[in-house]
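*Asks:* Given the sequences, and given the hints that come with them, work out the whole structure.
The primary structure of each chain is shown beneath.
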Amino acid sequence: MKKMETSIISGKGGTGKSSISAAFATLGGRVVLADCDVDAANLHILFNPSHEEEEIYITGQKAVIDYSLCTNCRLCMEYCRFDAISLDKGKIAINEISCDGCKLCYRICPVNAISMIENNKSRMYSGTFRNGKMVYGRLAPGEENSGKLVNIVREKARQISKDHNIENIIIDGPPGIGCAVISSITGTNNVVIVTEPTTSGLLDLMRTVEITSMFNLKTWVIINKFDLNPEISDKIESYCSEREINFAGKLRFDAQVVEAMVKCKSIIEYDPASGISIQISKIWNTINSK
Amino acid sequence: MIESGKIRIAIASGKGGTGKTLISTNLFYALQQLNYKVTLIDCDAEEPNVMIFFREEEEFVHDVTQKVPVIDTTKCTFCGKCLEYCSYNAIFMLRDMKIIRILEDLCHGCGACSVACKYDSVSEKDISLGKVTRYHSDLQSSIIEAKLRVGVFSPVSVIKAAIKEAGNNEIILMDSPPGTSCPFIQTVAVADYVILVTEPTPFGLSDLKQSVDTLKTMNKSYGVIINRAGLGDKTVYEYLSNENIPLLAEIPFDKEIASLYSKGEIVAKHNIVWMDLFETMFNTIYEKNGNINN
Chain A
100 MKKMETSIIS GKGGTGKSSI SAAFATLGGR VVLADCDVDA ANLHILFNPS
150 HEEEEIYITG QKAVIDYSLC TNCRLCMEYC RFDAISLDKG KIAINEISCD
200 GCKLCYRICP VNAISMIENN KSRMYSGTFR NGKMVYGRLA PGEENSGKLV
250 NIVREKARQI SKDHNIENII IDGPPGIGCA VISSITGTNN VVIVTEPTTS
300 GLLDLMRTVE ITSMFNLKTW VIINKFDLNP EISDKIESYC SEREINFAGK
350 LRFDAQVVEA MVKCKSIIEY DPASGISIQI SKIWNTINSK
Chain B
1381 MIESGKIRIA IASGKGGTGK TLISTNLFYA LQQLNYKVTL IDCDAEEPNV
1431 MIFFREEEEF VHDVTQKVPV IDTTKCTFCG KCLEYCSYNA IFMLRDMKII
1481 RILEDLCHGC GACSVACKYD SVSEKDISLG KVTRYHSDLQ SSIIEAKLRV
1531 GVFSPVSVIK AAIKEAGNNE IILMDSPPGT SCPFIQTVAV ADYVILVTEP
1581 TPFGLSDLKQ SVDTLKTMNK SYGVIINRAG LGDKTVYEYL SNENIPLLAE
1631 IPFDKEIASL YSKGEIVAKH NIVWMDLFET MFNTIYEKNG NINN
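Quick note, the sequences are listed as chains A and B, same order. In terms of the numbering used here, the first sequence has 144 at position 45, counting the first letter as 1, and numbering is strictly consecutive. In terms of the numbering used here, the second sequence has 1660 at position 280, counting the first letter as 1, and numbering is strictly consecutive.
Source of the hints: derived by calculation from the structure; they are not laboratory data. Heads up, some of the hints might be wrong.
To be verified - Output of the computed footprint for chain A on chain B, the stretches with three or more beta carbons under 8 Å from beta carbons of chain A: (1) 1422 to 1429; (2) 1526 to 1534; (3) 1580 to 1587; (4) 1635 to 1641.
As the list claims (entries may be wrong) - Straight-line C-alpha distance at most 20 Å; calculated DMTMM-like pairs for lysine to aspartate or glutamate: (5) B:K1649 x B:E1436; (6) B:K1447 x A:D182; (7) B:K1544 x A:E195; (8) B:K1447 x B:E1464; (9) A:K202 x B:E1464; (10) B:K1447 x A:E177; (11) B:K1635 x A:E330; (12) B:K1511 x A:E309; (13) B:K1635 x B:D1613; (14) B:K1635 x A:D333; (15) A:K220 x B:D1593; (16) A:K349 x A:D333; (17) A:K101 x A:E254; (18) A:K334 x B:E1645; (19) A:K247 x B:D1485; (20) B:K1643 x A:D326; (21) B:K1447 x B:E1484; (22) A:K102 x A:D262; (23) B:K1635 x A:E358; (24) A:K202 x B:D1485.
To be verified - Just so you have them, the derived chain B footprint on chain A, three or more residues with Cβ under 8 Å: (25) 234 to 244; (26) 288 to 301; (27) 325 to 338; (28) 352 to 361.
No residue lacks a Cβ here, since even glycine has one placed at the ideal position from N, Cα and C.
*Replies:* Set out below in structure tokens:
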């Protein structure tokens, strides 16, 4: 079976990426929805999926010292490149926040006073929601390797798509341009960047386009709330045409989108006949027609 | 950590786009006008936007680099010890075909492979992760920007370098990256107080809760600013009052604010009420958090 993966990202946060992903997921037809904004997963609030599976995700390890063995030789301090080991009142101390989990201190300690403990508080959930299947990751606060968790969430989404014969996979990605974003877009059929008509929005869009072109991905741009600054909105449109980026369309600011969220619905579910719902479904058809 | 007359405040939000940068740039401007010596660090290295709001001159730039290994294949015996030591799967080797490659994107520069190699075949080179730029604002104040190179996976080293650059001798404001993972933690770890910016929506509330849970485990003091008040619902307010979290300020949803912000303008320059708002807020925070344990 053919599968169609669409990733929705934004560069700048708060442009309306998740609201638009939610709308795409409820236009009709069954979908697999993968919430890859693992730092701030939100779509489960709207869709309240059943929990069918829960998996523990190990994000990495942290070093701990056994003071009954430590001789204060400071060799670990010398070797650590993350400034995570220091002397605190004459005793070797490991700063949990700075520790990168590289294990070098554990390997070189001459008296085996250092051991590694696993960070095992992050989870991946999957289940059913009203328009199909849903997978989402929840990174425990302060844990890293969000890119890897994104990969696992996407892998699961692909598996579900195959097992349940669902063609469309919709990926709600994280903001930024770092590892989690890269993991959310590689190998997808379409990347949709949701931006807003602000100077920050435009600059962040440019950095995000650099990333999508690095990976040779078919990229689309949506300007959300374009009427908040039509002048910058026009600038973004001309930037897209200069760079030959597919322009998918623009949406007006509409307080109904927030009202829908408060009612735990996508805008499509809340008011399918509204101008904004019609425009979103046009945009979805445009993206999927090529 | 705090010395008398000094404070570090991080401006953060779980959810992106809640108005973090709006708050940090306006607070910076207000304090500057009040003749404080203040440094603003843009720690959102993936998408730094603070400098959109200022026209200051660049004072200097320095590169942030990381070490990555280089393998001398004439000395390498393909024993696989470096692979075993690497915690990041950054070394790829096919023993039979005598192929060994470094995947630089995955390397964290920990140096474990150099220690592992008994044949002296691992040396190191520097690769660029991004830049830290200092902008001179006036005699008293400056802005420091952390900027990740596009394509680099983690912004943490660039953020740390920017914080180091600011030193420790004035009022420091930090525009934090969104989320609650490592870039956020690295920024708030050095803060004496955290201002969390949220919006009164279910998404805003959910992300706020996650930020609060993180700050609790870190034993940080914090308060909340609600931006775009008037949109959404009341659940954020209920949460704040149930949890006894101080509401520092409310900023109404207002098309004029949105429009000024969209053009890269400082709202406090145009609106005297904002000057008062930020001065009062800073004084409240400073009284409670600016003079504890020297």
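*Asks:* With the threshold set at 20 Å, check whether the alpha-carbon distance from K1635 (chain B) to E358 (chain A) stays at or below it.
*Replies:* This hinted pair holds, its Cα atoms lying about 18 Å apart.
*Asks:* Would you mind confirming whether the straight-line C-alpha gap from K202 (chain A) to D1485 (chain B) stays at or under 20 Å?
*Replies:* holds (19 Å)
*Asks:* Does the structure keep K1511 (chain B) and E309 (chain A) at a Cα separation of 20 Å or less?
*Replies:* holds (17 Å)
*Asks:* Are 3 or more residues of the segment 1526 to 1534 of chain B near chain A, judged by a Cβ distance of less than 8 Å?
*Replies:* This one holds; 6 residues, not fewer than the three required, reach chain A with a Cβ under 8 Å.
*Asks:* Would you mind confirming whether the straight-line C-alpha gap from K1635 (chain B) to E330 (chain A) stays at or under 20 Å?
*Replies:* With Cα atoms ~15 Å apart, K1635 (chain B) and E330 (chain A) stay inside 20 Å; holds.
*Asks:* Take a quick look at whether K349 (chain A) and D333 (chain A) sit within 20 Å of each other, Cα to Cα.
*Replies:* holds (10 Å)
*Asks:* Holds or violated: K220 (chain A) and D1593 (chain B), Cα atoms, limit 20 Å.
*Replies:* holds (14 Å)
*Asks:* Tell me if the straight-line CA distance from K1447 (chain B) to D182 (chain A) falls inside 20 Å.
*Replies:* Measuring from Cα to Cα gives roughly 15 Å; hence the hint holds.
*Asks:* Quick one, are K1447 (chain B) and E1464 (chain B) close enough, alpha carbons at most 20 Å?
*Replies:* holds (19 Å)
*Asks:* In terms of beta carbon proximity below 8 Å, does the segment 1422 to 1429 of chain B have 3 or more residues touching chain A?
*Replies:* Per the Cβ count (3), the hint holds.
*Asks:* Could you grab the alpha-carbon distance between K334 (chain A) and E1645 (chain B) and see if it respects the 20 Å cut-off?
*Replies:* Status holds; Cα separation ~18 Å.
*Asks:* Would the pair K1447 (chain B) and E1484 (chain B) pass a check requiring their Cα atoms to be no farther apart than 20 Å?
*Replies:* holds (10 Å)
The structure is consistent with each of the numbered hints, conforming to all of them.
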